[in-house]
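Model the placement of chain X on the given structure of chain G, informed by the hints.
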Amino acid sequence: MIEVKNLTKRYGDFVAVRDVSFNAAQGSILGFLGPNGAGKTTTMRIITGFMPATSGTVLVDGLDIFTQSLEARRRIGYLPESPPLYSDMRVAAYLRFVAKLRGMRRSEVDDAVERVLKICGLADMAQRICGQLSKGYRQRVGLAQAIIHNPPVLVLDEPTIGLDPRQIHEIRGLIHSLRGQHTIVLSTHILPEVSQICDRVVIINAGRVVLEESLGSLAAGKSLEDIFLEAISKEEGHEPAEDEETLEEVGAGHG
Amino acid sequence: MRNALTIAGKELSSYFVQPVAYVVLTVFVLLAGWFFFALLKQFTEMVQVYTAMSSAQALGHLNLNSRVIEPLLHNMSVVMVILVPAITMRAFAEEKRAGTYEFLLTAPIRTGEIVAGKFIAASVFILIMVALIWIFPIILMVFGDPEVGVMGAGYVALALLGVCFVAIGLFTSSLTQNQIIAAISCLGILLLLYVISWPLQAGGGMFGDLLRYLSLPEHFGQMVRGVIDTSDLVYFCTMIFVALFLTQRSVESARWR
Numbered sequence: 001m002i003e004v005k006n007l008t009k010r011y012g013d014f015v016a017v018r019d020v021s022f023n024a025a026q027g028s029i030l031g032f033l034g035p036n037g038a039g040k041t042t043t044m045r046i047i048t049g050f051m052p053a054t055s056g057t058v059l060v061d062g063l064d065i066f067t068q069s070l071e072a073r074r075r076i077g078y079l080p081e082s083p084p085l086y087s088d089m090r091v092a093a094y095l096r097f098v099a100k101l102r103g104m105r106r107s108e109v110d111d112a113v114e115r116v117l118k119i120c121g122l123a124d125m126a127q128r129i130c131g132q133l134s135k136g137y138r139q140r141v142g143l144a145q146a147i148i149h150n151p152p153v154l155v156l157d158e159p160t161i162g163l164d165p166r167q168i169h170e171i172r173g174l175i176h177s178l179r180g181q182h183t184i185v186l187s188t189h190i191l192p193e194v195s196q197i198c199d200r201v202v203i204i205n206a207g208r209v210v211l212e213e214s215l216g217s218l219a220a221g222k223s224l225e226d227i228f229l230e231a232i233s234k235e236e237g238h239e240p241a242e243d244e245e246t247l248e249e250v251g252a253g254h255g
Numbered sequence: 001m002r003n004a005l006t007i008a009g010k011e012l013s014s015y016f017v018q019p020v021a022y023v024v025l026t027v028f029v030l031l032a033g034w035f036f037f038a039l040l041k042q043f044t045e046m047v048q049v050y051t052a053m054s055s056a057q058a059l060g061h062l063n064l065n066s067r068v069i070e071p072l073l074h075n076m077s078v079v080m081v082i083l084v085p086a087i088t089m090r091a092f093a094e095e096k097r098a099g100t101y102e103f104l105l106t107a108p109i110r111t112g113e114i115v116a117g118k119f120i121a122a123s124v125f126i127l128i129m130v131a132l133i134w135i136f137p138i139i140l141m142v143f144g145d146p147e148v149g150v151m152g153a154g155y156v157a158l159a160l161l162g163v164c165f166v167a168i169g170l171f172t173s174s175l176t177q178n179q180i181i182a183a184i185s186c187l188g189i190l191l192l193l194y195v196i197s198w199p200l201q202a203g204g205g206m207f208g209d210l211l212r213y214l215s216l217p218e219h220f221g222q223m224v225r226g227v228i229d230t231s232d233l234v235y236f237c238t239m240i241f242v243a244l245f246l247t248q249r250s251v252e253s254a255r256w257r
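Residue numbers (the working numbering), protein chains in the order written: chain G, 1 to 255; chain X, 1 to 257.
Restraint ranges, calculated between C-beta atoms of paired labels, are given here:
1. X/214 with G/126: 46 to 52 Å
2. G/214 with X/17: 45 to 51 Å
3. X/194 with G/87: 30 to 36 Å
4. X/22 with G/118: 32 to 38 Å
The calculated lysine-lysine pairs, modelled on BS3-like cross-linking and capped at a C-alpha distance of 30 Å, are:
5. G/135 with X/96
6. G/135 with G/118
7. X/96 with G/5
Everything labelled a hint here was simulated from the structure, so no lab data went into it. For each residue, glycine too, the CB sits at the ideal point set by N, CA and C.
The shape of chain X in the complex, shown without the other chains:
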């Protein structure tokens, strides 16, 4: 565990001595700000229209949670699909290219500790990203009356989603020494998980259930609405565990070739 933390600390500081981290954080927060502005503008316009129509019933249906925060988090989840591969692509690919892989694998540490260290570092980075856009709920709390619990659940969902993406990104990075290949294949897997349930309409039998279970938006959408269901948590944890396990096997396999 100590070795994992040593690696995590080194990885995290290496994110921040490079421009990548700042670019990723800037893009993420900037886009979030733009979405928030757009959604809030729509919301206030709708409020004005309904007030003019003096339709109390319609007004009652409008709320900040479902009209602003929920779509914001959905948008940010798509932004994460694109940004997370850029964070994780270096993890193993760069070590192989630079020759430091030889140092890591001959040091007296387990491969599991290497994987854990890199996973912790990238996950902390995701938490920083998500924490930065907590500014928008704070703005809403100052000027309005949103439900804090629901927003909290949504943000936890976004963080969990990002961490899950990180695990998948580490896996693709462990397969190659080319960062571009690592990033593109990660992006491919993440997008596929996003659209995997598209062939289904309503029914679908066993195969349909399976696809629906694998589908990311299915589980993410539930949590963003404020419903934290064990089955969704199990889904995310399983994805993380499987991806990390495959990463560990892939790194370990270097010793068997």
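In isolation and in its complexed conformation, chain G is listed as follows:
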């Protein structure tokens, strides 16, 4: 469903993404994993057509995101790193606006808004102003706008960042419930998230793919943390101790 081939992105001399390739099969959830600054957001921005790659191609449902951009973009729902909300709009009005721009017919719009409000637990928030929502609700509205046109492909950039443990649990449950109908690419640096909801994991470090594996076939007995640390330290020759420290911080921060 999503085929990423030899993607490279340079900013001047800096190479943000280097020769990245991976596939996501239809109906699967792919966890896109890596430390901060590894190139996750850049890769997702290229997949969604926000920016072009320096070289390489992305096919979404067989459509090239550069040459058949409009058609390809129609099939994608995208939640960027910060939810793209208009702070002066009410939630329902915002979702209606998004649905229309994503090409839904006028008659379908109201039903779609009802549906995502219910799915994302926003039914009571429909008339609230986006700018006054808490972080957790902003994230839910962000997710609602991504799925409103029922796209075959969902690209979610760190959907659980900055949420409290209960909200993280809810959002994960929500993503889990979307399995099957949608092909989902989800970036994160929270390891338990991947082992809980993903079918397949791609680990990226310093712009390179260092591991691509389905979760089931990962060596039994080894935790994802060990695998992650091994993969990224092999690549950079890091002191393992240093990485463990950062991981603990991450673990403490996000429960």
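Frame of chain G; chain X shown alone:
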């Protein structure tokens, strides 16, 4: 086109849920009222003086169009130079800052539709501004006998001028994510177009002709006097088209960086 209208509708309603629109409209109408009052006062005083001198010839030269409406519209055009950047500065700069730009550019719509939508919304806002100060011609029509056609031409000129400013404002907003920079650079361009012919006196050769052609008051002044010339219409339409084209390229360029 449908997408452009969807964006225009959203933009327009977002003008009116924020205080900016009301502040701009209030300032615009308040200043217009003050200018109108001042000009009308001068006019009646002059009429009194000439009547006292019983100079029928001088009285014949006084008319509401050239003594009240024409200077009023010139003043309002300068007010627009200052207010329009405040209306358009958010257009793209705010989207970039808030992260909604990522949504707009990944939605299945063309960049031209985004630009068109924002242009339509801001232009409608300009039309509302200009329509509000049509109250003064109505007052004159009730108590006097001005030429309606000439006033109409002047108001069309003011609207066209405002729409032209909007196109330039959208362009500067598309270049930055900082609203202040967008507003100031727009103000700079508009003022420059206002004074661009100042170095010239009478002659000037090719360069002089070019500067005079670019000069806003040159074209605006003609129309306000009631002369709607094709060359002036072409001037305004060209400015609008060029500015919108540059805006579209500037938005599109985000995809190439």
